[in-house]
Amino acid sequence: MASKQAATSAGTRPSGGSKIFWSSVVIFIAVPVVLCGGVGSWWLGRNSLAQSRLDDRLRDLQSEGLPVDNATLEVFYFKHTDDRNTQAWLNVQKAFSTPAVTNAAKNLPYVGIAEAPESREEPWADKEESEKFLAGLAPQLEIVHRIAASDQPVRFPVEFDSIMTLVPNVQEMRQVARVLMLQHRSALENRDGAGQTQCIQSLLGTSIALRGDPVMVSQLVSIAIYGMALGALKRSMQYGDLNDEQLTALQKRLKLFNDHVTPFRIAMAGERALALPLFQDPSIVKAEVGPIAGLGARPLDALAHLQLHEQFEQFEIDTLDKLVDAGNAFEQNLEKDFTEASWLNRFDKALTYSLTPAFSAYGNAIVRQVLQNRMALMSIALRRYQLHHGDFPKTLQALADSGIDITSLTWLHGDSFGYRYEDAGVTLWGSDPQSDESISTEPPDATSTDRGDLRYWIWSLDR
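The opening position of the sequence shown corresponds to residue 25 in my numbering, with each subsequent residue numbered one higher.
In short, the hints are calculated from the structure, not lab data.
A portion of the hints provided could be inaccurate.
Pairwise CB distance ranges (calculated) [claimed, not checked]:
1. Glu-98 / Asp-283: 23 to 29 Å
2. Gly-414 / Ala-149: 33 to 39 Å
3. Asp-305 / Glu-153: 51 to 57 Å
4. Phe-102 / Gln-275: 27 to 33 Å
Yeah, the Cβ is synthetic: ideal placement off N, Cα and C, and Gly gets one too.
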C-alpha cells in the first residue's frame, strides 16, 4: 500500500480540492498574478523570501535529528529499526504467501473465509483441517516464534519516495498474524497453555516489529496486529489455561505497549518528511489538486504545513487524556483556520489542507490500544491473584491491598474499570473512548448493540 494512503485514506482536512475550486483559484488569483508585472514581481519576491525561511527551518529540523525528505527519512528509519531478523521475516512472509499455502488456507478460520465457533465448548468442524495446515507450516512457525521474541522494531526493505512509497512487507505481516491466530485457536482447543502463550507472544512480537516504521499506515497495521493479539489473549484469559510463569511473561511484554508517545512521534516525523517533497513538486499529486500542480514550488504552503506540525508538537501528550485533548484541539484549530481563511490564504495553504495527516484519528487509535492494554494487564493481575489466593478478589481494590500496583491501570481521567465478582467468575469492562460515555455501573450487553467492537471492552474470566 502506498504511503499516500496514510496521508489520504486515514483522514484529510476539508480542502475544497475539487476541480471547480482549483480552477477558480487559478482564474481569479494565479493568472492575474502572472499577467500583472508589478504584482508578479511581488509574487516572486514573497516566494523567494518564503523559500529562504523554509530552507532555514529544514536545516533546524535536520539539526534536531528529524527527517525532511526521502534521504533523511531513510536515515531516521535506520535509527529506529534493527535488521538482524529482517531476512528471516522476509523468508517467512514468502513462505506464508505461496499459492499452495493460500489455496490450502482459503476455507479455514482466520486465514480464510471460515469462522471458528465463539466458544471452544462448541464443535469445531475445521479443527482437523486446520491442524493439518499448521503442521505443513511448522518449520516456518518455529522461525516466527524465535524472531518474534525480539522487542526491536524490524527494518524492512523500503525505498522512500514521498507519497509514492510502497510498504508491501508491512501488509505481509498481516498474513503472518492470521496464521498465528489459527495456531492459537488450535492450542486453545487442546487446552495447551504453553502453546497459547507462545502464539500470543509472537503476535505481540509481530506488532512490535512495525513500531519503528515512520509511515502512519504501517503504525496502524501494527495496532491492528496488536488487536489480534489482544483477541487471542482475551480468549486465553477467559478459560484460565495459563500458569503464573506464563502470565508473568505476558505481563512483562504487554507493558511495552503502554508507551503511546514514541510511536506517535515517529509517525509524525515520518509523515512530515513524506509530505515535504510535494511542496517542491506539486505535480506528484496533480490528480488531487488539479491546475495548481503546474504552478511550481510552494514554499509558503510548506511553511504552513510545518507550522501545523509545530502546533501539534506544542501540545503535551504525556498522558492519554492530554493526547485526546490535543487531537480535538488540533482538529478545531484546523477547521477554524480553513473556515476563516481568505481566498489568497487558502491558495497559499492548498496542499497543507489536502495532505495534513489525521493526527486526531491516529491519536484515538493509540488511545484505544493503550486502554485495551491496561485492561489486558488488569485481567492478568486478576488471574495471578486467583492462582495465588485460590479465588478472584471481591473488588479491584483488593488487588491493591494485596500489594499489586494497579495505579496506572485506569480508564481515561483516572476512572476505574468496571468489575463484578460472581459465582461463575468475574467480569471486567470499560467503555469505547470515542463514545463519550463514562464506564457504566453494569457490564454492557455486547449482544444488544450494533457496535461490534464493544466486545473488546468486556473481559470475562471463568472459574
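Verification of the supplied hints:
1. Glu-98 / Asp-283: 23 to 29 Å: Roughly 24 Å apart at Cβ, these two residues keep to the hinted range, so it holds.
2. Gly-414 / Ala-149: 33 to 39 Å: holds, 37 Å
3. Asp-305 / Glu-153: 51 to 57 Å: With Cβ atoms ~52 Å apart, the hint holds.
4. Phe-102 / Gln-275: 27 to 33 Å: holds, 32 Å
When each numbered hint is compared with the structure, no violation occurs for any of them.
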